[in-house]
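I would like the entire structure built from these sequences, with the hints used as guidance.
Spelled out from the first residue to the last, the chains are:
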Amino acid sequence: MNDSSDAPEPGTDSTTRVRGDAASAESAPTAASRGEGGAAPDTAVRDGLAVGLATAVYGISFGALAVAAGLDIWQTCFLSLVMFTGGSQFALVGVLASGGVAAGGSAIATAAMLGIRNVIYGMRMKPILEGPPTAGERVPVWRRVAAAWVTIDESTAVALAQSNDRAARVGFWVTGVVIFVGWNLTTLAGALIGDAMGDTKAWGLDAAAAAAFLGLLWPRLKRVQAGAVAVGAAVDATFMTPVLMPGLPVLVAALVAVVVGWFDLFRRRSEP
Amino acid sequence: MTTWHIILIASAATLALKLAGHLVPAGFLERERPARIADLLTVALLSALIAVQTLAAGSSIVIDARVPAVIVAAALYALRVPFVVVVIAAAAVAAGIRAFS
Numbered sequence: 001m002n003d004s005s006d007a008p009e010p011g012t013d014s015t016t017r018v019r020g021d022a023a024s025a026e027s028a029p030t031a032a033s034r035g036e037g038g039a040a041p042d043t044a045v046r047d048g049l050a051v052g053l054a055t056a057v058y059g060i061s062f063g064a065l066a067v068a069a070g071l072d073i074w075q076t077c078f079l080s081l082v083m084f085t086g087g088s089q090f091a092l093v094g095v096l097a098s099g100g101v102a103a104g105g106s107a108i109a110t111a112a113m114l115g116i117r118n119v120i121y122g123m124r125m126k127p128i129l130e131g132p133p134t135a136g137e138r139v140p141v142w143r144r145v146a147a148a149w150v151t152i153d154e155s156t157a158v159a160l161a162q163s164n165d166r167a168a169r170v171g172f173w174v175t176g177v178v179i180f181v182g183w184n185l186t187t188l189a190g191a192l193i194g195d196a197m198g199d200t201k202a203w204g205l206d207a208a209a210a211a212a213f214l215g216l217l218w219p220r221l222k223r224v225q226a227g228a229v230a231v232g233a234a235v236d237a238t239f240m241t242p243v244l245m246p247g248l249p250v251l252v253a254a255l256v257a258v259v260v261g262w263f264d265l266f267r268r269r270s271e272p
Numbered sequence: 001m002t003t004w005h006i007i008l009i010a011s012a013a014t015l016a017l018k019l020a021g022h023l024v025p026a027g028f029l030e031r032e033r034p035a036r037i038a039d040l041l042t043v044a045l046l047s048a049l050i051a052v053q054t055l056a057a058g059s060s061i062v063i064d065a066r067v068p069a070v071i072v073a074a075a076l077y078a079l080r081v082p083f084v085v086v087v088i089a090a091a092a093v094a095a096g097i098r099a100f101s
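Chains A and B, in that order, give the protein sequences. In terms of the numbering used here, the first sequence opens at residue 1 and continues consecutively. In terms of the numbering used here, the second sequence opens at residue 1 and continues consecutively.
Treat the hints as calculated values from the structure; they're not laboratory data. All C-beta atoms, glycine included, are put in the ideal place defined by N, C-alpha and C. Don't take every hint at face value.
[Unchecked claim] From the structure, some residues in chain B lie toward chain A, with a derived Cβ separation under 7 Å:
(1) 1
(2) 10
(3) 18
(4) 21
(5) 38
(6) 40
(7) 48
(8) 71
(9) 75
(10) 95
[To be verified] Mimicking SDA-like on lysine to any residue, the simulated pairs with C-alpha atoms at most 25 Å apart in a straight line are:
(11) A:222 <-> A:182
(12) A:222 <-> A:203
(13) A:222 <-> B:85
(14) A:201 <-> B:32
(15) A:201 <-> A:248
(16) A:222 <-> B:98
(17) A:201 <-> B:55
[Claimed, not checked] Far from chain B, by Cβ distances over 10 Å, these chain A residues were calculated:
(18) 92
(19) 140
(20) 180
(21) 181
(22) 189
(23) 220
Pasting the structure below:
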């Protein structure tokens, strides 16, 4: 890891820190630069449990918001079981809440685009999970699929924060499995709560959804470039709202990322 | 399209992306420019979702109880208050304003 102080500390606000680290995990060194041996799968277990439990709790807000958006309890639980990537799940129900089934295409596209970062996480994790080539043991397909299934911000971030590959594997699996089990249980609980609430607007659940997106965005705003994209995308989506069908303003705002990313605009010299 | 169709297609797409990272040899997305765009894409989509979720009502822009709720949420995140607490606080602010106005 480029900076050991980035490692999540159990007991502190590990969730937000690690979410931020996942964003920078994309620029982290690859497995080749890290050793095999060395210490401390213990730390990895502790990190994994702390981050996993803290993250799993917000399945409650997802469950309640999904039901408020018009999904039934089965549909809500299916998303947490199969999609299992928070940003895409919140986005899908957010777009459906504003545009209904008519905005289905935009909802799918938004969820899928938010899932693209998982491809990069998978590429980072693959060589670490396979271990050294000298071991001569092929990873069975079911374990590759399971690894892909639990490849998310948090499991990748905890893994990449460890000092060696063995600890990284432990951290990845502990975090992934704890969140998978916890997230699905809390989703069900949240869906049942949302179902019992009735008029969700009176409870402020629409504002809660906005606050949830803000929480996912917050740790990604460390760089000037990201801040500029965030402002541009928000302004773009707001101005497009009266013009385009619900759901489309969010997709159009994605162009801001493509333009800024392509030409590498708004980048400070001092930043990595 | 029914809600189930939307859920099935979107879930298949996101799961396929996760599998692609583990099964397809690293290449395109590891280059600097695609990786940067993928990273910024997440920021842009989340930020646009915040704007729409806070200001849109169908096809019009409305300033209502959601705006102060999101400002309170931003202040709490800045103070490093945990996610769940902030989400509940934002709901409480909006619900409170609606109850007393």
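To see whether the hints hold, each was checked on the structure:
For residue 1 of chain B, the suggested interface contact is upheld, since its CB lies about 4 Å from the closest CB of chain A, less than 7 Å. Annotation: interface hint on residue 10 of chain B holds; nearest CB of chain A at approximately 4 Å, less than 7 Å. With a least beta-carbon distance of about 4 Å to chain A, the hint placing residue 18 of chain B at the interface is held under the 7 Å criterion. Taking 7 Å as the C-beta contact cut-off toward chain A, the hint placing residue 21 of chain B at the interface holds, the least distance being around 2 Å.
With a cut of 7 Å, the hint placing residue 38 of chain B at the interface with chain A holds, because the nearest CB-to-CB distance is about 5 Å. Given hint, residue 40 of chain B at the interface with chain A, holds; its Cβ is 4 Å from that chain's nearest Cβ, closer than 7 Å. Satisfaction of the interface hint for residue 48 of chain B is found here, the shortest Cβ-Cβ separation to chain A being roughly 3 Å, below the 7 Å cut-off. A least Cβ separation of about 10 Å between residue 71 of chain B and chain A goes past the 7 Å threshold, and the interface hint is therefore violated.
The beta carbon of residue 75 of chain B is not positioned within 7 Å of any beta carbon in chain A (closest approach about 11 Å), and the interface hint is therefore violated. The interface hint given for residue 95 of chain B holds, since its Cβ lies 4 Å from the closest Cβ of chain A, which is under the 7 Å cut-off. Between residue 222 of chain A and residue 182 of chain A the CA atoms are separated by roughly 29 Å; this puts the pair beyond 25 Å, and the hint is violated. Only pairs whose Cα atoms come within 25 Å are accepted, and residue 222 of chain A paired with residue 203 of chain A is rejected, the gap being roughly 32 Å.
As the CA atoms of residue 222 of chain A and residue 85 of chain B are separated by approximately 22 Å, the hinted pair is consistent with the 25 Å bound. Distance check on the hinted pair: residue 201 of chain A and residue 32 of chain B sit about 43 Å apart at the alpha-carbon level, beyond 25 Å; violated. This hinted pair checks out: residue 201 of chain A and residue 248 of chain A have alpha carbons roughly 23 Å apart, not beyond 25 Å. Between residue 222 of chain A and residue 98 of chain B, the direct Cα distance comes to roughly 34 Å. Violation of the 25 Å bound is thereby established for this hinted pair.
Distance check on the hinted pair: residue 201 of chain A and residue 55 of chain B sit about 14 Å apart at the alpha-carbon level, within 25 Å; holds. Distance check for residue 92 of chain A against chain B: the nearest CB is about 5 Å away, which does not clear 10 Å, and the non-interface claim fails. Annotated as non-interface, residue 140 of chain A keeps its C-beta farther than 10 Å from every C-beta of chain B; the closest such distance is 13 Å. For residue 180 of chain A, the shortest C-beta to C-beta distance to chain B comes to about 13 Å, beyond the 10 Å cut-off, and the non-interface label holds.
For residue 181 of chain A, the non-interface assignment is confirmed: its Cβ lies about 18 Å from the closest Cβ of chain B, beyond the 10 Å cut-off. Once the 10 Å rule is applied to beta carbons, residue 189 of chain A is consistent with being away from chain B; the minimum gap is 12 Å. Distance to chain B contradicts residue 220 of chain A as a non-interface residue, since its nearest Cβ pair spans about 5 Å, not more than 10 Å.
Violation of the numbered hints given earlier is confined to hints 8, 9, 11, 12, 14, 16, 18 and 23; the remaining hints are satisfied by the structure.
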